[in-house]
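Please build the complex by placing chain B on the supplied structure of chain A, with the hints as guidance.
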Amino acid sequence: MTVSEGMQGGSARNYFDLFRIPTCFDLDVKDLGNRYRTLQQQFHPDRFSDGSDADRRVAAQMSADINAGFQILSDPTSRAGFLLQCEGFDLQALEKQAPSGEFLMQQMELREQLQSIPPGQSDAHNQLSAESRQLFDSQVGIFRDAYAQGEFDRAGTAWVHLLYLKKLREEVERRENSQ
Amino acid sequence: MALLQIAEPGASAPVIRRRKVGLGIDLGTTNSLVAHYNGGHLTVFTDSQGRGTLPSVVHYTPENTVVGFAALEHMNADQADNIASAKRFMGRARVDIDDASHIHFAEGDVLAFATSAGAKTPVEVSADILRALKARAFDALDEDIDGVVITVPAYFDDAQRQATRQAAEFAGLKVLRLLNEPTAAAVAYGLDSIASDLDTDDRTIAVYDLGGGTFDVSILRLHKGVFEVLATGGDSALGGDDFDKNLADYFVSQYQLSVSDSSARRRLLTAARRIKESLTDNECVLVNLTDVIPEAPANAELTRQQFNAVNADLVNRTLDACRQCVLDAGVDVIDDIIMVGGSTRMPIIKEVVGALFANEPLCSLDPDQVVAMGAARQADILVGNRSDEDVLLLDVTPLSLGVETFGGLVERIVPRNTTIPVTRAQEFTTARDGQTGLDVHVVQGEREQVQNCRSLARFELKGIPPMVAGAARLRVTFQVDADGLLEVSAQEETTGTTAHVVVKPAFGLQDDQVADMLRASYEFASEDMRARQLVEARTDAQQLIEGVAAALDVDGDLLSDSERALLEQVMSELEAVAKSDNADEIRSATESAGRATEVFATRRMDRSIQAALGGMSLDALDKEFEE
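Residue numbers (the numbering used here), protein chains in the order written: chain A, 190 to 368; chain B, 5 to 631.
If you're looking for bench data, these hints aren't it; they were derived computationally from the structure.
Certain hints may be false.
Just the calculated beta-carbon pair ranges, DEER-fashion [unchecked claim]: (1) A:E284 <-> B:P469: 47 to 53 Å; (2) A:P211 <-> B:T50: 29 to 35 Å; (3) B:T284 <-> A:G330: 57 to 63 Å; (4) B:Q537 <-> A:F341: 57 to 63 Å; (5) B:E364 <-> A:E320: 36 to 42 Å.
Everything numeric in this text was worked out from a predicted model, so none of it was measured.
Cβ coordinates follow ideal geometry from the N, Cα and C atoms, glycine included.
Pulled out of the complex, with its shape left as it was, chain B reads as follows:
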């Protein structure tokens, strides 16, 4: 990182920097984990009883909020106050949910769970889980947390990613990056086995992630320290829980059981799960369901083979998704297969996945922890503790992004599996004579018809001068950042009229509701925290000032005298503001001063391309035609 690095000119006060703390968080549907990577040492934080996982369950009462194992104890008693699997509802509106009869939703358009402590949105529930994880890490490290990398399923759409980000914000965590879970797993394995092969040619890696509630498959390529996601696929409604359900249904029909209420059903599912787990190490197990249903047989047998037959359909669905993903990726050979998620402990899974990809799956790391471990490693890099050998993750868009056009059809602007960040523009024109407004409806999905895709945002470009139909040139630009979050802008090119929207979470929260929730989470901020915010704001301002000064020393010739004078003036104004005690003012001054440096930064990056590519000689250009 030779470019724009913060040099410290002798004259000014040095900025003292401690090793920053970045955490990796696997915010799972059933279980969550938090891990930390520090100079080669990887820790998954445990609770006081040594358990690494935190069940993603929150129990709400008017008096208090309980998270994890403690909440699980209330599972059967106060159902409505006990929220599990909130991740399934992230970024969803009431209208998205069809079958959820066992869930008590609060009144209103916003999707929220009705608890005796009031309505709780999935974002708030996730925020409570994140707070518990944060506290766990803080107790162990006794240091402030500078930032976190949170993993999300590769299939998560924009609204779900936005919701995840917002939950972290409510929990007072700075999100360095949302990372796809399979990518995180590949990074975790990159620590040891694959890193040694960095100098060899490309390696193609398949990540098979079968969790409790979701299935993801990704094809990645590793080439000289760059991890590239070639394609992702999967099924967001397929997981280990479905194997339990299938097995429970099998028992019901096999033994003619009558499952009278939801409590008996839950106990039957728990029993099915235990049987599934014991079949991992045993070819055959005794089935005794009399605890659950008195009339059930006391000592039936179930073989692994029978279990596999009951679930053959589920297994095949995952394999179909794998085949499709390989096609999308356009690869022939898979060099490594990584197994993620507790459900991959089932022997049948290892067997069929190994056979499909003609290779032995990697499973030396705990499949429940591998995602959090990879996230922790990436968090350590992103928080600023980096070295030259760091891997770089290039992610892709999981779903296509487009806009509605004439007749309710979707015009795709960013196809799925496009490497991000990406900026794409498409020109449109007016459909009617004298049309002065353009309704831009942003959607996500693979289908041709708008009603089959997910609506992300709508905004209007107004003030188009009246022209005949087809004469206006309307440029719609999509920008997807490295987290997969989308911004859309529209411009009428002949007049320069513009409209712009940052795609907001489409899960029904109004801006003022969000503001209220944020205020609530800040209200607890202590004096200490405010003091720290001031120090941080000053440090950021100081770093910008020093960075620009150092850059001017090296590359000052890229600016004209007047440009340079202007930039120096902006910096001296920032220096003056930084002396004040108002953190907000300093931050906004730093922000606008930063914008003033963009042209300079762009020119410096352009100059450094030559340095980066200098080692590649044009003479070595072998003529090789790929077509």
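Only chain A is shown next, with the shape it has when bound in the complex:
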């Protein structure tokens, strides 16, 4: 069997509605966490342990949706992807679009840089970490702006860039921890 890449999610629920927050990119993560725990307090299947089987099944699905929603909305990259999905974008198709040659070249250079840092060079590592974070933040800025202006194609490109940069940052962090 072969994987077709794409966003994962259990149901077609609008998670912004689920948490009763406005559908927009900027959100207060702490407030989201409070809403998440409040909803889980009420809908977790443990709260229905002496209820009927039907209640428990519905509660389990509800609770799974709440978990998925929190996970997707609390991370800026997946939140951006979800907003595009709400605008009718097919994320699988979008993800397959190759970014510009310029962007890819920059990514390759950064990865080569990362590979070439010898163990124990924490200064070089910190610099690369700061650089990748800065690049990430600037794409977040582009997404926020484009999404607010309704320029969804530009937002889509920024999201694809975010996917690459997120992976890069994870890689930088992984190597930092393994040293």
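Below, chain B alone, put in the same frame as chain A:
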């Protein structure tokens, strides 16, 4: 719990409900315990001699089955009939076991111990331990047991959890929840010290659990009554017994001892264990091994420092796992450290763990009992005796779940440390032109290659219409419930062809063998029990009928007239069936009537979100960017 609560309309006969009895069971590798929590009072049940623990050892003979201390007495005599540490083999198949030369396994693919009473599977052995614990609780309470919470190591995979659940079923116990042991410990401490801080901000808790045979570490977060497991880690083959082994090996090399047979080795291990224990309160102890090996020195000395040096490697392995767990959890500060397991009595452990987390470990509760105590508290809540201040436990998947893809690689669908329950779907497509079947191989583990992960299940999605490679859209959905148990389904989206599997214990038992074992355990069911089952089935049906009636009163507007009419018809049919004397029929009618209420229940839950979040104003939304 305002939602879907069982109101009692005046007209119908009220359902009388006693306070239900839920037990917490710590089903340990070396020792097991059973505890009960009742309105603020926590009891660990003891045997007639006042001992709280039950050694997890069962002695089988054709005449009878003996559990616990009585079985320990046979430890040296009839080795093959004496089964210890069965927990290590739960959910395992013969092929999983490489080095077990001292264990007499029965012939065949199914992993079972050969005893003079026949082959006994680890599940059956565990069931016998659970029966003994159940009897102990029943003797003390003189009441029926409504349900139990059984603790499992955080590291237990799906097959091991399934096996544990099945053992409980064989013992005639209803499992309310399988609870991770470290989480249970945190709940136990939540009773007193932490509960008072519920209104403060998040607290981050590390649970360090070093038992006889396993080591677990978990990082939890407590926030306004919600316990959240952020990460778990550990080593399922590291425990206090390894400290005994190290010490025994040290004696052997230090004093040039020759340990001739397995009986001498066992006595040496017992002596090492005693020495380890006395070093808890003494800086230095006399070592006299002449009882074990006549040529050993009669009065050597061992200091705590020497002991620590011998075991430094083991201690460091636990610390490495702690560091990894903290990284996985993504936390900076640990507010509380909870010590669990008898092995944490070793002073070196408290010292290094305290130093690692820069905090004083909590050890006011008995580290051997703390897990059973937490389980008992949770059992009391889950059995239905709840109040508004109850803690809620959010658990995570201990290991990643995925499927095999092209080239023997694993595609992860649910990563480890994902909060459960969870539903995740992933789309796949066909690799060959005209492919009409899809083999779905479900695996668990962190490695990239299928052969390095644990195989959980295989099933086939058939009847995919022939298409070119890559054209079919195959959606594979993983559902993990609140116990960590997995169901997988696959669907071809263009035609709607589906296949579905509840992941069965992969430890080699065939369905008919399971059925036989269950039948055997039911055969002893008395007339009394059958009568009680009928009453229970009727009560469940009645509760559903009343619950739906009450819900219709409040939220009837959520249904159209025809939906409402249909639901009312289903309920009146159920009412008719409930008058019969056939418990099975009533149960299955209740089940299908329950399914008919799901749409209504979903709409009601959606409506109640607003009520739950009502207090949170949108205006208070501080713009705060985490990135």
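Exercise for the section: Take a look at whether the Cβ-Cβ distance between B:T284 and A:G330 falls inside 57 to 63 Å. Expected result: Taking Cβ atoms as reference, B:T284 and A:G330 lie about 59 Å apart, which means the hint holds.
Handout entry: Cβ separation of B:E364 and A:E320, checked against the hinted range 36 to 42 Å
Key = 41 Å, holds
Problem - 29 to 35 Å as the expected CB spacing between B:T50 and A:P211, which holds or is violated - result: Roughly 58 Å apart at Cβ, these two residues miss the hinted range, so it is violated.
Handout entry: Hint check for B:P469 and A:E284 - Cβ pair distance inside 47 to 53 Å
Key = Hint violated: Cβ distance 27 Å, outside 47 to 53 Å.
Handout entry: B:Q537 versus A:F341 beta-carbon gap, inside 57 to 63 Å or not
Key = Holds, since B:Q537 and A:F341 (Cβ atoms, about 59 Å apart) stay within the stated range.
The structure does not agree with the numbered hints 1 and 2 stated previously, though it agrees with the rest.
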